[in-house]
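All letters in the first sequence, in the order written, are residues 2 to 515 by the working numbering.
Since the hints were derived computationally from the structure, they do not count as laboratory data. Each hint should be verified, as a subset may be incorrect.
[As the list claims (entries may be wrong)] Simulated DEER-style distance windows between Cβ atoms:
#1 Lys272 / Glu196: 17 to 23 Å
#2 Ile74 / Gln379: 36 to 42 Å
#3 Lys266 / Glu8: 51 to 57 Å
#4 Val215 / Gln172: 28 to 34 Å
#5 Asp245 / Lys325: 20 to 26 Å
#6 Gln170 / Asp245: 44 to 50 Å
#7 Lys104 / Asp357: 51 to 57 Å
#8 Asp232 / Arg154: 15 to 21 Å
Backbone N, C-alpha and C fix where the C-beta goes; we use that ideal spot for every residue, glycine too.
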Amino acid sequence: MLDFIREAVNGALNLLGAEMTGDFDVMTAPDFTNCDYATNAAVKMAVKNKKKAADDLAGALEKSGLFEDVKVIMPFVNMKLAMGSLVKMLNDGDRPFPAKKEKLLIEFVSANPTGPLHIGHLRGAVMGDALARIFSFTGYEVITHYYVNDRGRQVRLLGESILAAKAGQPQPEGGYSGDCVNGIAKDISSGDSVEKISDMAVERILAGIKTTLVRLGIVFDIFYSEKKLYDEGHVSRTLEKLKDKKAVFEKDGAVWLDVSDRDDKDRVLYKTDGEPTYFLSDIAYHDEKFNEADICINIWGADHHGYVGRLKSAVELLGRNADKLEIILYQLVRLKRGDQLLKMSKRDGTFLLADDVIDEVGPDAVRFFLVSRKGDAQMDFDLDLAKEQSSKNPVYYLQYAHARICSIFEKAGEMGIQASPCGGMIGEEARDIIKKICEFTDKAALASQERAPHHITGYLMELCGLFHGYYDRNKVLDGSDPLLSSQRLFLAGRVRETVKKGLGLLGITAPERM
RNA sequence: GCCCCGGUAGCUCAACUGGAUAGAGCGUGUGGCUUCGAACCACAAGGCUAGGAGUUCGAGUCUUCUCCGGGGCACCA
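Construct the complete structure from the given sequences, taking the supplied hints into account.
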């Protein structure tokens, strides 16, 4: 829609032979103007008399025949679309997004395979998946990654914890406990090596994580193994590249990387005990990612914020453009039950499992809640509200609109009415809703550009709100007026299609009945 | 101490990157099913956008200071 307005304004400017001092904006017009869109193009024209420029522009826009009203309220030129323009857009359907040249790799969740997913992982999972869907819809070629830290100290500790549990001995320092560890301990033979048990445990826990993700409708293209980075020599190759840049040095018995340009201080690659840090393999991993894609996007919890600078610095040392590594941080979610804030601690085992939350609230509601706020706002997730008042949950408002329209189509079938593109029969009462439908691709583009899925939820609330109101005031199927009925049915069909597409971008189902 | 993110209606959050008279959901109050699905609709109440100063035609949005909340400052991930 905004493209359409922009083209119209451009056309008018060309007609006037206008010279511009800068780009102009197109925006929605406020209610009191009784118009749809506005532009500040007049004040961006290279003339002294802005008022005259605005009047000239308004005149040229009027001549286009696309608008039923154009009025100047300085500094804006406001436009009201002609019903014919709107109906044509509605009938034509959304323009598909052209394929983008850049290939995009998005990595998210990447929780350590040392235990099941818990509430803390959920927001990143849901945001990442929604973004992947939005990117794909808006023309990017997209690959999704889950990076698996399947080696190193934590994994070894997991194996040792399981062995200890098996032998009935106390946990090693900082070790793991809980149902997960005990469950695996039951199924091993005590003679196995730590390595073997660790590998087995990782495999099993990862399988559980995948199951949880599938419940949410999340399926990754690739689970990328850290171990593989070592086995295939990527880590050592990356290290050589860094050494070539003279960025690697030894100090106090450890090996360091100079990342001081973007971080507070230099960071360690090999510890004094000779073990590599996770930082080293992370760098190798990102080098590999950039071999596959033009833009790499990571979804991280805000608690990893301190890690951003050093990784960007390292990526730059490898000759990559650090701006093409986009790290999207999401703030942490606090869980509430009514007024009660839930204290969660990994150590006490009091954190809530992702599966429990999904059981309690349902996958669609979980996804809707966690994706309906922008990532850099921290949020409180009230389980009581999401669960007990689930019938008033906004997600049902959207799904209900979809189901309702499905039901209308069923009824239409019984009545022998078929949808047909709208003509003059559709009146003013459908104006707002047609306009809203035609704004869908604007919102998808916005969500894609800003890497912010919450624009879609807000849009869908507006669209469905308009439809529910329209439905209440206008009978779609009227046996005495088949022509009007078929056109209103077409309109309803476009609403249904748009709601389904929008929910699809968020990974939320669009049920036909509920 | 330094860095990052927040502070908007009673609560949870929006506001199309600087646009005009700041919007939804929940909660509260009133009204609406003989009619395509009432998980819905209509109307109402609710605001000095934490506070001060600045930038310009114009600020919730940009700069700066103060206050409050969250997170981070490892040879842990």
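Run the structure past the numbered hints and jot down the numbers of the failing ones, going up.
Violated hint (a single one): 7; every other hint is consistent with the structure.
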